[in-house]
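Protein sequences, first through last, are from chains A and B.
Mapping of the first sequence onto my numbering: position 255 corresponds to residue 255, and the numbering continues sequentially without gaps.
Every position in the second sequence, counted from 1, becomes a number in my numbering once 1000 is added.
Just so you know, these hints were derived from the structure itself, not from any lab.
Hints are not guaranteed to be accurate.
[To be verified] Only pairs whose alpha carbons sit at most 27 Å apart, straight line, appear in this in silico DSS-like list of lysine-lysine:
1) A:Lys-123 with A:Lys-83
2) B:Lys-1367 with A:Lys-123
3) B:Lys-1352 with A:Lys-145
4) A:Lys-167 with A:Lys-136
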Amino acid sequence: MTQPAAMTISDEVAIDITGMNKWYGSFHVLRDINLTVQRGERIVICGPSGSGKSTLIRCINRLEEHQKGKIVVDGIELTSDLKNIDKIRSEVGMCFQHFNLFPHLTILENCTLAPIWVRKTPKREAEQTAMHFLEKVKIPEQADKYPGQLSGGQQQRVAIARSLCMKPRIMLFDEPTSALDPEMIKEVLDTMIELAEEGMTMLCVTHEMGFARQVANRVIFMDQGQIVEQNEPEAFFNNPKSDRTKLFLSQILGH
Amino acid sequence: MSDQHTPAAVAYVRTETLPELPPPASEAGLVKWLRENLFSSIPNSILTILSLWAIYVILSGVIPWITNGIWDASNIRECRELLNGASGGCFAVIAERWPQLVFGIAYPQDAYWRPSLAFVLLLVAVAPVLFSNLPRMLLAVTLVYPFLAYWLLWGGSIFIPITAFGGAAIGYMVYTRLVAQSFAMGLLGGVVAALLAWWVFGFITDNTRGVLALEAVASRDMGGFMLNMILGTVCVSLSLPIGIVLALGRQSDMLIIKWICVVFIEFIRGVPLITLLFVASVVLAYFFPPGTTQDLILRVIIMITLFSSAYIAEVIRGGLAALPRGQYEAGDSLGLDYAQAMRLIILPQALKISIPGIVNVAVGLFKDTTLVSVISMFDLVGMIRGPILASTDWSGVYWELWGFAALLFFIVCYSISQYSQWLERKLATDHR
Ligand SMILES: Nc1ncnc2c1ncn2[C@@H]1O[C@H](COP(=O)(O)OP(=O)(O)OP(=O)(O)O)[C@@H](O)[C@H]1O
Ligand SMILES: [Mg+2]
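Can you build the whole structure from these sequences, using the hints too?
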């Protein structure tokens, strides 16, 4: 199942993080992070609560600012230069735990807003693209509703479609299923699996270990702001090296 | 169905739907409504009867006073004779002093059509802003309206509003050219271009004073309810954008801008409006170049606008604070820049939350325009208090005059509040 997707990984570097450190005040959240992501790679990040997973992926599109080290996304280094930041943000899609759809706009308007204003796509064309992606996440019939009228799972799929409408080269997911009821988790995961099979570069914070096994090329385990272990999924789950990973896996898979 | 009664069968599946039946008579119609709402208990019944009695007493006093009212008399003594001891209002004062109540004492009589036309056009100009389902073409009227209304009210050569509009248009064009590079550049360029254009056009207007001119009316001749309407409309429409800018400034990461906004807002909110108006009438004159000091209305408009924009800024800040951080982050993560995120995502939601507060400020502001009577401007209240009640013809007709003033303000304020409730319902998309 993972084989055909694995073929699409290229040598091209999508994200390159070297020696990155971040502090909240005097609290050292991220410590000496080094991570290189190839184009087409699908990475799952897991770890205990408060270990800095969200902070790490939010640094990649500069929702959080890092203080030391270097982050290069798509060949552009993240500095305080606003032009670079906006450029990177329009190439990197992000899905949040709480969807963050715009409640005052319809589903279709949610999806066309950024293409129209950031990419300057003509409205008609943006709407066609939006409908294409809404069909892909299997909710084209909801296009004229407002987010408040949709179920959680539907909202998250809209959020994914909204990001895809910008034709991003990298997608970041921050616990996309953890605010959902069990029966809705599957529909969102299915959408993400489909995306992965098309060769999208993905960084995904999640505790869905089934998803990690099926889709990821690499699983990264974080604890206390550091990358403690990373490995291919089979090796990671069957044969964890560090004690902290073992403990974490026993807690999460134990019940 | 019969399964239900056999004790052995605990498991039970209903196979048919029961038909819908009409409710019993006591649960429908007027009787039910009366019983539930007015006579549900003994204390409730007593209260109902007491209230009905109070309403009867009030109405039996007020209705004859209105229906017996005298509409045709030239002074209060004639009015009293006509009434001949009966209870009745002396509404003749409103009929006789109507032009003064509406336009003030000094506005030229043969020009009354100008403010009236301006008022009708105001309704046309405001409509497309208030109701988004009207044709967007009408917005052109809204754009031109401020210049047209100025010309109608104050008179003078038509070149003054035309060149003013031209300067603004040039400024806007320069702004749209430059804004692609940066917002600050665009704003600065636009303002400079507009000022330059006005300066150049100044030579034209100086030499065409008499061309296509309406009779000029001085600011001090504006009065009556017209003055309240001018102050209310201008100040509300100016203080909304200024309030938005102040609220955003107060949230800004740029410390200097933030502190300027904080100090401004806190200072204005800590001062009574009436002191600001005295400042306008006396002190502010020193800050203007000599020759422009005549215009008291301009100074009053500046002060009321500053005052209400500080309040509106605080209302909007509340709306901004109520938005979850995720909305900002979603906007950022899609690559929208600050101006786009604010205009398309943050402000529409924050303003929607702030509608009740903004309307509150607007209604309060409109009523506060009557305070200008204290600095001897003859608005509606000033007219009644001064020229009309002080005249020998009509001294003593308090109820009728103040009732009339209250009615005028009530009509405007109630319409505003009804509109805002309608707007809130229309914008409700959250379906909670
Ligand atoms: N804005 C902030 N200011 C100060 N500390 C913060 C801030 N945001 C997060 N932190 C702290 O940084 C640490 C890492 O937070 P982060 O949200 O990255 O954790 P996480 O691994 O995503 O956890 P979870 O699984 O609960 O989402 C936590 O200890 C948190 O308390
Ligand atoms: Mg998190």
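Hint by hint, here is what the structure shows:
no., hint, in the structure
1, A:Lys-123 with A:Lys-83, "holds (24 Å)"
2, B:Lys-1367 with A:Lys-123, "violated (44 Å)"
3, B:Lys-1352 with A:Lys-145, "holds (19 Å)"
4, A:Lys-167 with A:Lys-136, "holds (14 Å)"
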